[in-house]
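Chains A and B, in that order, give the protein sequences. Quick note: the first sequence, position 429, residue 429 per full-length UniProt numbering, numbers continuous. Quick note: the second sequence, position 51, residue 51 per full-length UniProt numbering, numbers continuous.
Heads up, some of the hints might be wrong.
[Unchecked claim] Each computed PhoX-like pair below joins lysine-lysine, with the alpha-carbon atoms no more than 25 Å apart:
(1) 53/A <-> 36/B
(2) 18/B <-> 186/A
(3) 36/B <-> 353/A
(4) 186/A <-> 36/B
(5) 53/A <-> 18/B
(6) 14/B <-> 186/A
(7) 71/A <-> 314/A
[Unchecked claim] Non-contacting residues of chain A with respect to chain B, defined by C-beta distances greater than 10 Å in every case (computed):
(8) 3
(9) 23
(10) 67
(11) 281
(12) 378
If you're looking for bench data, these hints aren't it; they were derived computationally from the structure. Model, not experiment: these values are computed from the prediction. Note that beta-carbon positions come from the ideal geometry of N, C-alpha and C, so glycine has one too.
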Amino acid sequence: MFSKILIANRGEIARRVIRTCKKLGIKSVAVYSEADADSLFVREADEAYCVGKPPVNQSYLNVDEIIAAAKNSGAEAVHPGYGLLSENSVFASRCKAEGLVFIGPPPEIIASMGSKIEARKTMKEAGVPIIEGINTPLENEEEASMAAEKIGYPLMLKASAGGGGIGMQLVNSEEELLKAFAGNKKRAESFFGDGAMFLEKYIAEPHHIEVQILADTHGNIVPLWERECSIQRRNQKVVEEAPSPFISEETRTKMLDAAVAAAKHIGYTNAGTIEFLVDKEQNFYFLEMNTRLQVEHPVTEEITGLDLVEEQLKVAAGEKLSFTREEVQRRGHSIEVRIYAEDPKTFFPSPGKITQFSLPGGEGIRHECSVEAGSQVTPFYDPMIAKLVVWGESRNQACERLKNALENYEVEGIKTNIPMLLKTITHEQFLAGYTTTQFVNEYYLPQLTSTK
Amino acid sequence: MAKVESGMAGNVWKVLVKEGDEVKAGQEVVILESMKMEIPVSVEQDGTITKVLVNEGDFVNDTDVIVEVE
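One chain only, chain A, in its complex shape (with noise of 0.2 Å):
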């Protein structure tokens, strides 16, 4: 096992890491941006260096003061938490050539996933079902149009390097798409630096349900079951839970099989996890898969028991996954919620100074966070500031744990998310356990109008 990490992520993933790494007694490297200067997860490190300025790309992407930092504190291997350089194939492939070892799987598999036009062509050649489309790039409007015609609308029209929801927009007939191309095109490019677009068939009453996997370096794969993520605003997760209260057991067994099958085909290592869509009929599709922790995965470890982060460092240092399949257990169900400082009604960003900062305890609680009281939220990087994981025998109780939390979950000075986050957990159709990606522009917004 290692002796030093360095952890190439802030907020409270950094954190995350860091507590794993106490218990581990592994020491811990942090790095920040002047922005952060004051951050928990910088106090809490055993060591800390300031890569730059508050802009990402001038600090947590400039790669060169990352490794500069892991050289100087004599770190072995660089965690990359999620964001950021998580899935950037040319920062592992450094960190490699570095001779430092980057905590999760080798550089040529982040680069395959990250295209999500490859991504399609390699799940197709491992057996797992994707969604109907085209699997080359579209140049111009014509070819778009000519593919369009051939699948049938509606379609989704998505950017293969996107993400965020990026470049990614639904239409539902030629005009539509003549309209959408160019702008998404564009912003792909602009955001990702590559305007390759494909077209998929639109899926109606899409559940968002991913499968988390972990493999070793010993050709052992392991599923660690599913997450339920339908929940999301403008294209990204709000609430996640596990097991999936959709899916039947034998559509559960045939996805979690999927995804090790995939796994297997790629050579994959390490933790990652392959999101698909679901349809009303429980048939799945491959979405796309992450190369990294996600956000939600706390909702996994408090099903398994299971810490991701200690097994994803087994897993870089070498060592053979302890536990089989078959050993994997789940009990109960989780939940989490993501807070976010934003308008709970328009969802724009609310930055600013957290006041007062309170969070509620009780059986079957965790918090993951990255603010207390006297933290300032800056603009510069992604409105989460916290989640909310509850853990119950059922999924009511689960669902009662978490609505007595976010009603006592205090945070002042800024505006959050967590109206909408009662609002939505406390829904028939939530609580009913029948959620789908189109939950808060079905369900939600239209209930803010009618109760004005």
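Place chain B on chain A using the hints.
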């Protein structure tokens, strides 16, 4: 003359107008980027842009004036 404030702290992602442009009420003049989200800033009245006070890439605070409209 009306001064248009940014309304939110963030980076100037796109400047959509230049001095001398005619604008209509509700028209977007600047797009800010804050916390990974694009936030359009619009003018509230018809008029002519007399001054553009920001450049793409600038950081602005919520009360900073970004354009002036006559």
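Hints, verified against the model:
1. Proposed proximity of residue 53/A and residue 36/B is supported: the alpha carbons are some 17 Å apart, at most 25 Å.
2. For the hint pairing residue 18/B with residue 186/A, the CA-to-CA distance comes to about 22 Å; that is within 25 Å, so the pair holds.
3. Proposed proximity of residue 36/B and residue 353/A is supported: the alpha carbons are some 19 Å apart, at most 25 Å.
4. Proposed proximity of residue 186/A and residue 36/B is supported: the alpha carbons are some 17 Å apart, at most 25 Å.
5. Proximity of residue 53/A to residue 18/B is assessed by CA-CA distance (about 29 Å); at most 25 Å being required, the pair is judged violated.
6. About 13 Å separates the Cα atoms of residue 14/B and residue 186/A, which keeps this hinted pair within 25 Å; it holds.
7. At roughly 21 Å between alpha-carbon atoms, residue 71/A and residue 314/A fall within 25 Å of each other, so this suggested pair holds.
8. With a least beta-carbon separation of about 35 Å from chain B, residue 3/A lies farther than 10 Å from that chain, consistent with its non-interface assignment.
9. Non-interface status of residue 23/A relative to chain B is upheld: no Cβ of that chain comes within 10 Å, the nearest being about 31 Å off.
10. Chain B leaves residue 67/A outside its interface by the beta-carbon criterion, the shortest separation being 25 Å against a cut-off of 10 Å.
11. Interface exclusion of residue 281/A from chain B stands, the closest Cβ pair being 35 Å apart, more than 10 Å.
12. In this structure residue 378/A is not separated from chain B by more than 10 Å, as the shortest Cβ-Cβ distance comes to only about 8 Å.
Violation of the numbered hints given earlier is confined to hints 5, 12; the remaining hints are satisfied by the structure.
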